[in-house]
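If you read the protein sequences in the order shown, they are chains V and G. Each residue of the first sequence is one higher than the one before, starting from 175 at the first, in my numbering. Each residue of the second sequence is one higher than the one before, starting from 14 at the first, in my numbering.
Hints are computed from structural coordinates only; laboratory data are not their basis. Be careful, since some hints might not be right.
As the list claims (entries may be wrong) - Have a look at the derived ranges for each label pair, beta carbon to beta carbon:
no.: 1; chain 1: G; residue 1: Arg79; chain 2: V; residue 2: Ala210; range: 36 to 46 Å
no.: 2; chain 1: G; residue 1: Asp163; chain 2: V; residue 2: Leu207; range: 17 to 27 Å
no.: 3; chain 1: V; residue 1: Arg326; chain 2: G; residue 2: Gly151; range: 47 to 57 Å
no.: 4; chain 1: V; residue 1: Glu276; chain 2: G; residue 2: Asp164; range: 29 to 39 Å
no.: 5; chain 1: G; residue 1: Pro141; chain 2: V; residue 2: Pro223; range: 22 to 32 Å
no.: 6; chain 1: G; residue 1: Gly101; chain 2: V; residue 2: Ser272; range: 46 to 56 Å
Idealized CB from N, CA, C, for every residue including glycine.
The lines below spell out each chain.
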Amino acid sequence: MSFRMPIVRCGLTALALASAVKVLAEDTAALRLIPAGTYEPLLRSSQDPARIPVAAFLLDERPVTNADFLAFVTANPKWRRSLVSRLFADTSYLQHWSADLEPGPAAPLRAPVVQVSWFAARAYARWAGKRLPTTAEWELAAAAGYDRPDGRNDAALKRDLYAWLARPVPAVFADATSLRPDFHGIRGLHGLVWEWVDDFNTAMVTGESRADTTLDRNLFCGAGSAGASDTTDYAAFMRAALRASLKADNTTTSLGFRCARDTAPLNAFP
Amino acid sequence: MKTVALFLLCSTAFALAPDAPADPSRRQTVTAKPDTCCCAPPIPTAAYSAKSLYQAEGSFTDDAGRVFRLGELRGRPVVLTMFFASCGYACPLLVADMQAIRAKLPPAIRGRAAFVLVSFDLARDTPPALAAYREQHGLGRDWMLLHGTDDSVRELAALLGVSYKPETGGGFSHSNLITILNREGEIIHQRAGLRGGLDETVAALTLANRE
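Just need the whole structure built from these sequences, with the hints factored in.
This is the structure:
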């Protein structure tokens with residue numbers, strides 16, 4: 175019996191390796207269904223609809239992690255930090271990683287990936303067979319409370335949200351799955367990182383007077399609330415301001431993303 | 014007629030080939046792709062520069078229904094504007110400005126330049142609708158009217174810094190931006206807004222032709 179142990183151990187090691195490789199070879203976030211609903215844009219001109227119907231869709235239960243993104247850059251060399259085209263990502267792209275294929279101590283594998291551009295987030299989503307959510311989809315999902323589909327009066331959610339907004343960006347992020355799931359089983363829409371949306375560039379800069387496009391903390395100004403549908407939703411102002419001030423190649427220390435997919439069956443995609 | 018157009022296109026491309034840029038520090042030669050048209054010269058196949066918009070892989074369809082990639086514009090100075098055909102206010106002004114820019118160009122540059130209109134109205138600006146627009150506005154062969162996918166159009170808008178958003182009436186609110194690309198597909202000038210700046214844009218195009 176004893177002579178077999180090493181073989182068993184070898185087998186286990188091989189198994190562990192195989193599963194590690196498996197984790198590193200694909201996008202691993204599970205999708206949850208967000209039922210159809212209505213998005214009420216916070217900031218809109220007279221030309222914009224007050225209510226935008228949103229079809230049911232699938233959304234990742236958590237943001238994309240460093241492990242996921244490592245798998246992506248491993249499979250797609252042109253998205254590695256040292257190889258990425260400056261057209262698609264600015265100079266701080268993945269700068270907190272230790273090396274091209276080594277997230278390192280500042281980017282734990284299970285923490286959400288940040289310092290990624292919109293182009294990179296989109297390329298990841300395409301590789302994963304998914305897409306980025308639209309603004310309307312993201313906001314519809316993010317409107318859920320912990321225990322009810324409409325989180326507007328969810329005191330616990332509001333408390334956590336504003337506590338997060340008051341905290342500085344941490345040097346190292348917590349696990350992407352560490353936050354309490356909401357009504358739809360989605361984690362971390364609020365409280366972890368900001369997230370790219372596919373149509374971030376629908377945000378018109380006309381409501382925005384700040385000429386300074388430097389990112390991170392100095393862009394989060396909640397001014398300009400005239401014409402807003404819900405003037406108490408400070409977090410939504412911050413998201414709108416962020417989207418309006420971003421360019422597609424920008425990367426910031428608190429901006430990540432998650433993916434979405436249509437509810438149509440998989441075989442509908444070529 | 015179609016054959017003549019094709020022949021002209023091909024001969025233009027031949028004419029462009031000899032002075033294709035060849036800076037070895039920025040580009041490396043890779044193998045030529047097989048030709049897609051009987052008389053087509055090889056499309057320049059050197060790698061694109063780091064700032065070239067032609068790195069984007071999005072696909073478009075021109076108003077003749079032909080699949081079109083922006084990289085096909087390589088080697089020509091380009092005047093590029095995103096618009097939608099049913100736009101009643103800003104877009105006609107943008108197109109008129111592009112025509113004014115074209116008229117101001119020295120003939121040698123006018124003969125090489127490409128005038129490109131890319132629509133963000135995916136539903137209505139189909140290739141036939143764009144062909145009708147070409148007809149109505151008397152746009153010649155050096156104008157390209159492109160229909161894209163949500164993916165390719167949004168990517169191009171992001172690259173140019175164009176914001177656009179559908180409105181309730183079926184129109185779009187959008188940035189008014191005329192972009193000049195040099196022969197490598199790098200942005201070298203943008204005119205924002207709807208007034209003035211034509212001479213600067215013409216000067217940029219002259220420069221674009223040299224780079």
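Taking each numbered hint in turn, which are not upheld by the structure, reported in ascending numerical order?
Hint check: nothing fails, all pass.
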